[in-house]
Amino acid sequence: MIGNDVVDLDLAKVQSNWRRKGYLDKIFSPAEQTLIATASCADEMVWILWSMKEAAYKIDNRITSIRNFAPASLVCSLALSNNEMNGSVSIQDRVYFTKTSVLPNYVHTIAAPVFDQLSKISIKIYSQPNHPIDYKSMAAGCVSHHGQYLALVY
Amino acid sequence: MSNEEIIHKLKPIITTYAPASAALENLNEESDFIKDLNINSANLVDIILDVEEAFGITIDNTSMEKMLTVKASIEVIKEKLSEK
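Residue numbers (our numbering), protein chains in the order written: chain A, 1 to 154; chain B, 1 to 84.
Think of the hints as simulated: they come from the structure by calculation, not from any bench.
Misleading hints may appear alongside valid ones.
[Unchecked claim] Below, a list of computed lysine to any residue pairs in the SDA-like style, where the Cα atoms sit at most 25 Å apart:
#1 A/K136 x B/S31
#2 B/K66 x B/S21
#3 A/K58 x B/P12
#4 B/K11 x B/E30
#5 A/K21 x B/E83
#6 A/K26 x B/E25
#7 A/K13 x B/P12
#8 A/K21 x B/S21
#9 B/K11 x A/S16
#10 B/K71 x A/V95
#11 A/K21 x B/E30
#12 B/K35 x A/I125
#13 A/K58 x B/N43
#14 A/K58 x B/T69
#15 B/K71 x A/Y23
#16 B/K66 x A/R62
#17 B/K80 x A/I66
#18 B/K35 x A/Q33
#19 A/K13 x B/T15
#20 B/K66 x A/Q33
#21 B/K84 x A/D134
#22 A/K136 x B/L37
#23 B/K11 x B/L81
#24 A/K26 x A/D8
#25 B/K9 x A/D134
#26 A/K58 x B/N40
#27 B/K84 x B/E25
#28 B/K80 x B/S21
#29 B/K35 x A/M1
#30 A/K58 x B/E4
#31 A/K13 x B/L49
#32 A/K26 x B/E65
#33 A/K13 x B/N40
#34 B/K66 x A/Y23
#35 A/K136 x A/R67
#36 A/K26 x B/N26
#37 B/K84 x B/K35
#38 B/K11 x A/R62
#39 B/K84 x A/G22
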């Protein structure tokens, strides 16, 4: 089982004001907030961590059948190297491994319950207006859509 | 506060973050923020913060977990109002 999440950074800028009082406390642990506060680009770090949580949740939700909104209980850890970031997200005693790509206009995370699975995931990202109309029939392992971008993983 | 009064107060908050749709016009207790109203999950946090302000309550993370539908939100709001 695999997960993925794409964040359109241009849309996120206008859609979400994460600097709003109380916002970060509802989503991020103190350690994650430190990562954001000390990042060279705070905006980017907010959406990197958010996409990790979303990608992991999409697997966890299918495994456990638990549907909830508890972003602060998903705990991210992250190792940075160049433009690619390997990390993991823990949800209680369950761990999902993640790999995040940061591009000028979007952030994309893939997630898997087994680390070795990450390198086997193939990723297709489409931007408007080039979305395949029939993507629902393309049997992706996970679909993510935000703003200009549609991300399918297999 | 009755469920109707709470929904009346919730509707403008939800409308700020939901794209226009028939589901939004027919907002009711069964409406699901993500599945029916197509609200972006990052904006759920804004809804929770707006609800805290509008109702003068504090919503802890355990209560927030459940707030994926109007019905669940009403329950949390009622519970928090009664604790005031």
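Hint check:
Distance check on the hinted pair: A/K136 and B/S31 sit about 24 Å apart at the alpha-carbon level, within 25 Å; holds. Between the alpha carbons of B/K66 and B/S21 the distance comes to roughly 23 Å, so the proposed pair stays at or under 25 Å and holds. As the CA atoms of A/K58 and B/P12 are separated by approximately 29 Å, the hinted pair breaks the 25 Å bound. Pair hint B/K11 plus B/E30 holds up; C-alpha atoms about 13 Å apart against a cutoff of 25 Å.
As the CA atoms of A/K21 and B/E83 are separated by approximately 23 Å, the hinted pair is consistent with the 25 Å bound. This hinted pair does not check out: A/K26 and B/E25 have alpha carbons roughly 28 Å apart, beyond 25 Å. For the hint pairing A/K13 with B/P12, the CA-to-CA distance comes to about 22 Å; that is within 25 Å, so the pair holds. Of the supplied pair hints, the one linking A/K21 and B/S21 is violated, its CA atoms being roughly 29 Å apart against a limit of 25 Å.
In summary, the hint linking B/K11 to A/S16 is supported, as the alpha carbons are separated by about 19 Å, within the 25 Å threshold. For the given pair, B/K71 sits about 31 Å from A/V95 by alpha-carbon distance, which is inconsistent with the 25 Å threshold. Proposed proximity of A/K21 and B/E30 is contradicted: the alpha carbons are some 30 Å apart, above 25 Å. Proposed proximity of B/K35 and A/I125 is supported: the alpha carbons are some 23 Å apart, at most 25 Å.
Proposed proximity of A/K58 and B/N43 is supported: the alpha carbons are some 17 Å apart, at most 25 Å. With a C-alpha separation of about 18 Å, the suggested pairing of A/K58 with B/T69 holds against the 25 Å cut-off. The hinted pair formed by B/K71 and A/Y23 meets the criterion: a straight-line CA distance of about 23 Å does not exceed 25 Å. The suggested pairing of B/K66 with A/R62 holds, with an alpha-carbon distance near 17 Å, which does not exceed 25 Å.
Distance restraint check for B/K80 and A/I66: the Cα-Cα separation of roughly 24 Å lies within the 25 Å cut-off, and the hinted pair is therefore satisfied. Distance hint between B/K35 and A/Q33 is unfulfilled; the C-alpha atoms sit about 29 Å from each other, more than 25 Å. With a C-alpha separation of about 19 Å, the suggested pair A/K13 and B/T15 falls inside the 25 Å cut-off, and the hint holds. With a C-alpha separation of about 23 Å, the suggested pair B/K66 and A/Q33 falls inside the 25 Å cut-off, and the hint holds.
Our distance criterion of 25 Å between C-alpha atoms is broken by B/K84 and A/D134, whose separation comes to about 51 Å. Straight-line distance between C-alpha atoms of A/K136 and B/L37 comes to about 20 Å, which keeps the hinted pair within the 25 Å bound. Under the criterion of a C-alpha separation no larger than 25 Å, the hint pairing B/K11 with B/L81 is consistent with the structure, at around 18 Å. Distance hint between A/K26 and A/D8 is fulfilled; the C-alpha atoms sit about 21 Å from each other, no more than 25 Å.
For the given pair, B/K9 sits about 39 Å from A/D134 by alpha-carbon distance, which is inconsistent with the 25 Å threshold. For a cut-off of 25 Å, the pair hint linking A/K58 to B/N40 stands: about 14 Å separates their Cα positions. For the given pair, B/K84 sits about 32 Å from B/E25 by alpha-carbon distance, which is inconsistent with the 25 Å threshold. With a C-alpha separation of about 30 Å, the suggested pair B/K80 and B/S21 falls outside the 25 Å cut-off, and the hint is violated.
Using a Cα cut-off of 25 Å, the hinted pair B/K35 and A/M1 holds, with the two alpha carbons roughly 22 Å apart. Distance restraint check for A/K58 and B/E4: the Cα-Cα separation of roughly 33 Å exceeds the 25 Å cut-off, and the hinted pair is therefore not satisfied. Between A/K13 and B/L49 the alpha-carbon distance is near 18 Å, which keeps this suggested pair within the 25 Å criterion. Distance hint between A/K26 and B/E65 is fulfilled; the C-alpha atoms sit about 10 Å from each other, no more than 25 Å.
At roughly 13 Å between alpha-carbon atoms, A/K13 and B/N40 fall within 25 Å of each other, so this suggested pair holds. In summary, the hint linking B/K66 to A/Y23 is supported, as the alpha carbons are separated by about 18 Å, within the 25 Å threshold. Distance hint between A/K136 and A/R67 is fulfilled; the C-alpha atoms sit about 22 Å from each other, no more than 25 Å. For a cut-off of 25 Å, the pair hint linking A/K26 to B/N26 is broken: about 29 Å separates their Cα positions.
For the given pair, B/K84 sits about 32 Å from B/K35 by alpha-carbon distance, which is inconsistent with the 25 Å threshold. With a C-alpha separation of about 30 Å, the suggested pair B/K11 and A/R62 falls outside the 25 Å cut-off, and the hint is violated. Between B/K84 and A/G22, the direct Cα distance comes to roughly 20 Å. Compliance with the 25 Å bound is thereby established for this hinted pair.
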